[in-house]
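Undergrad: Turn these sequences into a full structure, and let the hints guide you.
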Amino acid sequence: MFVIEVAIALLLLYLGVKFKQYLAVLLVLVQTAVMLYFEMTMAHGLEPVRNLFIDEFSIIMALIIGIIGSLIAVYATSYMNTYHEHHPEVRDRRRMFFFVIFVFLAAMFGLVFSNNLLWVFFFWEITTLSSFLLIGYSESEVATNNAFLALKLNLLGGIAFAASFLYLAGVDPSGGLLELDTLIASGQAVAIIPAVLICFAGLTKAAQMPFSAWLVGAMVAPTPVSALLHSSTMVKAGVYIIVRFAPVLLGTLAGVAFGFVGAVTFLVASAIAISQTNAKKVLAYSTIANLGLIVACASVGTPELVWAAIMLIIFHAVAKSLLFLCVGTVEHRTGSRDIEDMDGLIVRFPKIAVMIATGIAGMFLAPFGMLISKWAAIEGFIDAPFGIVFVTILAFGSAVTVFFWAKWMGKVLSVTPYGENLEGTVSRGKWVVLSSLTALTVLAALLFPLVSSVLIEPYVFGIYGETARLAQDNIIIMLLMILLLLILPLSLYTSSKESRKLPVYMGGRPTTPDLKFDGALGIQREMTTRNYYFEEYFGEKKLLHYSNPLCVLLILTAAALVAWGVMQGVVM
Amino acid sequence: MISIITALAFVILAPLVGGLIAGIDRKITARMQGRVGPPILQPFYDVAKLFEKEDVTVTPSQNLYILAYLVFMVVSGAYFFAGGDFLLVIFAFTLAHVFIVLGAYAAYSPYSHIGAERELITLMAYEPMVIFTAVGLYMVTGSFYISDIATSTVPAILYLPGVFLGFLTILTIKLRKSPFDISTSHHAHQELVKGLTTEFAGPVLGKIEIAHWYETVVLLGMIYLFFGFNPVLAIVVIALAYFLEIFIDNTFSRMKWQWTMKSGWGVAATLGFLNLVIVYYLYMGV
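For the protein sequence lines, the chains are A and B, in the order given. Under numbering that gives the first Met the number 0, the residue at position 568 of the first sequence is numbered 567, and the numbers go up by one with no gaps. Under numbering that gives the first Met the number 0, the residue at position 225 of the second sequence is numbered 224, and the numbers go up by one with no gaps.
To be clear, the hints were calculated from the coordinates, so they are not data collected in a lab. Glycine included, C-beta positions come from ideal geometry on N, C-alpha and C. Any given hint might turn out to be false.
A few chain B residues that face chain A, going by a derived Cβ cut-off under 10 angstroms, partial list only [as the list claims (entries may be wrong)]:
hint, residue
1, Ala21
2, Thr58
3, Leu119
4, Met128
5, Tyr144
6, Asp147
7, Val192
8, Lys193
9, Thr197
10, Ala200
11, Gly201
12, Gly271
No farther apart than 27 angstroms at their CA atoms in a straight line, the calculated lysine-lysine pairs in the DSSO-like style are these [said to hold, decoys possible]:
hint, chain 1, residue 1, chain 2, residue 2
13, B, Lys261, A, Lys540
14, A, Lys541, B, Lys255
15, A, Lys500, A, Lys515
16, B, Lys26, B, Lys261
17, B, Lys255, A, Lys540
18, B, Lys176, B, Lys193
19, B, Lys176, A, Lys500
20, A, Lys500, B, Lys193
21, B, Lys193, B, Lys255
22, A, Lys500, B, Lys48
23, B, Lys176, B, Lys48
24, B, Lys52, B, Lys255
25, B, Lys261, A, Lys515
26, B, Lys176, B, Lys261
27, A, Lys540, A, Lys280
28, A, Lys541, B, Lys261
29, B, Lys48, B, Lys26
30, B, Lys193, B, Lys48
The following residues of chain B were derived to be distant from chain A, with all beta-carbon distances above 10 angstroms [as the list claims (entries may be wrong)]:
hint, residue
31, Lys26
32, Met31
33, Asp45
34, Lys48
35, Thr56
36, Gln61
37, Thr150
38, Leu157
39, Ala233
40, Tyr241
TA: Right, here's the structure in full:
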């Protein structure tokens, strides 16, 4: 294992020098130096006994990786064919591409089942490497730069992760603490320092501010890669590890500081999503926002919040992968991933439009998934330390998400009087994947009480000795709402025959069927509608300008609190 | 805990009450403007007439969205009066509103498009304050269940004056009263035509009216929760609050959407938040 790590380091060094990315080279050197020092001086005699483990949380993660990851891989086979037709300038490295995807998924499985922290770290580094290779797939300058950006930010986390080994080996030379379950059970006095270091690594991987730039940059990769990074691999590794360490962070000020990093990220990323017209960037920012919410829940770490965090992970994985793949399909057929070009999608791609609408509903509407989790988060935060500030951030953040999702949904569902059905050109393999994911989005909302009682509640109970769940009446009401949503479209069959169709109101002007109208001076003008984007309030640069320093400050606060605690010898 | 009887009562009675309120509203408005005004039952005549009209649409799918709007408005209101979870009621309301917005988008018309966008802005403007209302009532009464909050003997208003004022502010937005009727103006000569509802006619427009009646009753029901300890006082306050809304409606001209955003978020961030922080630290003793 160590040999592979050194080989990876050498590969990264070679690539770093080749592309003159010296900061990346430096970071690789630092991390390798830490690991070498650890291996040379401390690793002897460190023999964690139980290297693997399995519990309900690992199973949930494995299901996400296995089901969603495989569906995306299937989709990618047909997507990559079209991709190379559209981009003849890109070197065909499909073999390498699929090899890396499977290594990536394998590493994720390794990550969630490893109990030995050295193994966790090994798989952690492989996910970093895989995403680096996939983001840079097209070998264009932008892609390469963004790949290195992702690498650099993740290496920062990697160094923190590696540093935790030095501490752990120093505390317990027998190596027992390198077992994840032992470490978490060992209590805050021992575990808080490695927990903060490893959760810092989690923050970088989960693209929290100020490290969010890499996930936005990763949008240059082919769409299945984005879907993979967002829903079932990379960023999920980051939140996975933080949820694991939630019991250690519970009740510590460092945990609250990390929680605020997540909460600020949730609010700011949601706001930025309003100002974006590029569908993939909207998806990227909403992922960052949702990860922020997960991090906030997990870092504060009460049983209710951990329940909410795991729910968020599940629902986000399903709905987000669906949305990415739909956008990818639309982009290939229409040549645009701009939301403004999506009006009338329901006319041109009726099935895909319904799928996009389902995915979007899954992201913000009752009774679908994300909303259930947000709700649980609100209830959970009220009783947590600094809860009222978290609730405030959540209230504003979710108001903002309603705006950017609903306006996109409206664009997709607006029925233009022109346009023809282009769906016949979409391949069968893609249909299978897209329909499965749509079904999963609805099923997740229908079956979440089951998932909760079989997997999440036992896990939470196992850790805290108490558990959380939603009240029975609420679950029944939500199931009824879903059924209503499924039944309502039937009304179309009864109403459509009776009503007479009229053209839209255009102020009484003569209008052509595709809504061109006669303006002043006899000039024919086209009617266009455009959504609000509020650049001046929610612009990307403007908001990041404030939020990034704020999050740096919060992370430094967490570090300072831990350092202070260590010096005082106080258990926090 | 959940009462099916009150829920059924709501489903049957709310349109009657809501329609009456709308009629009284028009009467008082007329008197404020020095007119005689229509009979109090006029809203019922209007809606009945709408249902007799021919069913014309731009696209059939808009009927589906409006049906969904009405259905979910009734469902969330029924859950409110059944005594259900306040947060779920709020989320179901959002769902209902998204449906009317989608209906407006579906028509692909410039006027309804602008109306839809503005409706979303109002949604974004009032949502935080509504959540604060639920959170504030939870802090004071210890439950998110409407049945517990309404029957609580705690004088919630004494602990939550800021939240109450904030709620009154967004009530103006939610009732689409001037100065916040930015998505559907009452006045047809203004730049919006009828905004959100431009492309709806006949029975579909009738459904929108009925949904609005249901909504009004639920919104006034939310005021009740602040005064649940004294039902008589609660009814008086509700009447006064609605009168205040009519008064505001008639004294302000429409403001821009920026002002709506600033008002909604402003009251949430100042009145709502400060009030909650005080309750959080003093009353809950955290």
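Undergrad: Would you mind marking each hint as holding or not holding in the structure?
TA: Quick rundown of the hints versus the structure:
For alanine 21 of chain B, the interface hint is violated, the least distance from its beta-carbon to any beta-carbon of chain A being 25 angstroms, above 10 angstroms. Because the closest C-beta pair between threonine 58 of chain B and chain A is about 4 angstroms apart, less than 10 angstroms, the hint holds. With its C-beta approaching chain A no nearer than about 5 angstroms, leucine 119 of chain B sits inside the 10 angstroms limit, and its interface hint holds. Because the closest C-beta pair between methionine 128 of chain B and chain A is about 8 angstroms apart, less than 10 angstroms, the hint holds.
Interface restraint check: tyrosine 144 of chain B against chain A, minimum CB-CB distance 8 angstroms, threshold 10 angstroms, status holds. Hint status for aspartate 147 of chain B relative to chain A: violated, with the closest Cβ pair at about 12 angstroms, above 10 angstroms. Hint status for valine 192 of chain B relative to chain A: holds, with the closest Cβ pair at about 7 angstroms, below 10 angstroms. The interface hint given for lysine 193 of chain B is met, as the beta carbon of that residue sits about 9 angstroms from the closest beta carbon of chain A, less than 10 angstroms.
Using the Cβ-Cβ criterion of 10 angstroms, the hint placing threonine 197 of chain B at the interface with chain A is satisfied: the shortest such distance is roughly 6 angstroms. Given the 10 angstroms rule on beta carbons, the hint for alanine 200 of chain B holds: about 8 angstroms separates it from the nearest Cβ of chain A. The closest approach between the C-beta of glycine 201 of chain B and any C-beta of chain A is roughly 8 angstroms, which is under the 10 angstroms cut-off, so the hint is satisfied. For glycine 271 of chain B, the interface hint holds, the least distance from its beta-carbon to any beta-carbon of chain A being 8 angstroms, beneath 10 angstroms.
Between lysine 261 of chain B and lysine 540 of chain A the alpha-carbon distance is near 22 angstroms, which keeps this suggested pair within the 27 angstroms criterion. For the proposed pair lysine 541 of chain A and lysine 255 of chain B, the alpha carbon gap of about 23 angstroms is at most 27 angstroms, so the pair holds. A C-alpha spacing of about 18 angstroms is found between lysine 500 of chain A and lysine 515 of chain A, which places the hinted pair at or below 27 angstroms, so the restraint holds. Restraint check for lysine 26 of chain B and lysine 261 of chain B: not satisfied, since their Cα atoms lie roughly 31 angstroms apart, outside the 27 angstroms limit.
With a C-alpha separation of about 26 angstroms, the suggested pair lysine 255 of chain B and lysine 540 of chain A falls inside the 27 angstroms cut-off, and the hint holds. At roughly 14 angstroms between alpha-carbon atoms, lysine 176 of chain B and lysine 193 of chain B fall within 27 angstroms of each other, so this suggested pair holds. For the proposed pair lysine 176 of chain B and lysine 500 of chain A, the alpha carbon gap of about 31 angstroms is over 27 angstroms, so the pair is violated. For the given pair, lysine 500 of chain A sits about 19 angstroms from lysine 193 of chain B by alpha-carbon distance, which is consistent with the 27 angstroms threshold.
The straight-line distance between the Cα atoms of lysine 193 of chain B and lysine 255 of chain B is roughly 16 angstroms, inside the 27 angstroms bound, and the hint therefore holds. Under the criterion of a C-alpha separation no larger than 27 angstroms, the hint pairing lysine 500 of chain A with lysine 48 of chain B is consistent with the structure, at around 20 angstroms. A distance of roughly 24 angstroms separates the Cα atoms of lysine 176 of chain B and lysine 48 of chain B; the hinted pair therefore holds under the 27 angstroms criterion. Taken as a hint, the lysine 52 of chain B and lysine 255 of chain B pair is broken in the structure, with Cα atoms around 34 angstroms apart against an allowance of 27 angstroms.
For the suggested pair lysine 261 of chain B and lysine 515 of chain A, the alpha carbons sit about 36 angstroms apart, so the restraint of at most 27 angstroms is broken. A distance of roughly 16 angstroms separates the Cα atoms of lysine 176 of chain B and lysine 261 of chain B; the hinted pair therefore holds under the 27 angstroms criterion. Taking the CA atoms of lysine 540 of chain A and lysine 280 of chain A, the gap is near 14 angstroms; set against the 27 angstroms cutoff, the hint holds. The straight-line distance between the Cα atoms of lysine 541 of chain A and lysine 261 of chain B is roughly 19 angstroms, inside the 27 angstroms bound, and the hint therefore holds.
With a C-alpha separation of about 20 angstroms, the suggested pairing of lysine 48 of chain B with lysine 26 of chain B holds against the 27 angstroms cut-off. Pair hint lysine 193 of chain B plus lysine 48 of chain B holds up; C-alpha atoms about 19 angstroms apart against a cutoff of 27 angstroms. Non-interface call for lysine 26 of chain B relative to chain A: holds, since the shortest CB-CB distance, roughly 30 angstroms, exceeds 10 angstroms. Against the 10 angstroms criterion, methionine 31 of chain B stays outside the reach of chain A, whose nearest CB is about 31 angstroms from its own CB.
The beta carbon of aspartate 45 of chain B is kept farther than 10 angstroms from every beta carbon of chain A, the shortest such distance being approximately 20 angstroms. Under the 10 angstroms C-beta cut-off, the non-interface status given to lysine 48 of chain B relative to chain A holds; the minimum distance is some 18 angstroms. With a minimum CB-CB distance of about 5 angstroms to chain A, threonine 56 of chain B fails to clear the 10 angstroms threshold, and the non-interface call is violated. Taking the minimum C-beta to C-beta distance to chain A, about 8 angstroms, the non-interface status of glutamine 61 of chain B is violated against the 10 angstroms cut.
In this structure threonine 150 of chain B is separated from chain A by more than 10 angstroms, as the shortest Cβ-Cβ distance comes to about 17 angstroms. Chain A leaves leucine 157 of chain B outside its interface by the beta-carbon criterion, the shortest separation being 19 angstroms against a cut-off of 10 angstroms. Consistency note on alanine 233 of chain B: stated as away from chain A, and its beta-carbon is indeed over 10 angstroms from all of that chain's, at 25 angstroms minimum. Interface exclusion of tyrosine 241 of chain B from chain A stands, the closest Cβ pair being 25 angstroms apart, more than 10 angstroms.
The structure does not agree with the numbered hints 1, 6, 16, 19, 24, 25, 35, 36 stated previously, though it agrees with the rest.
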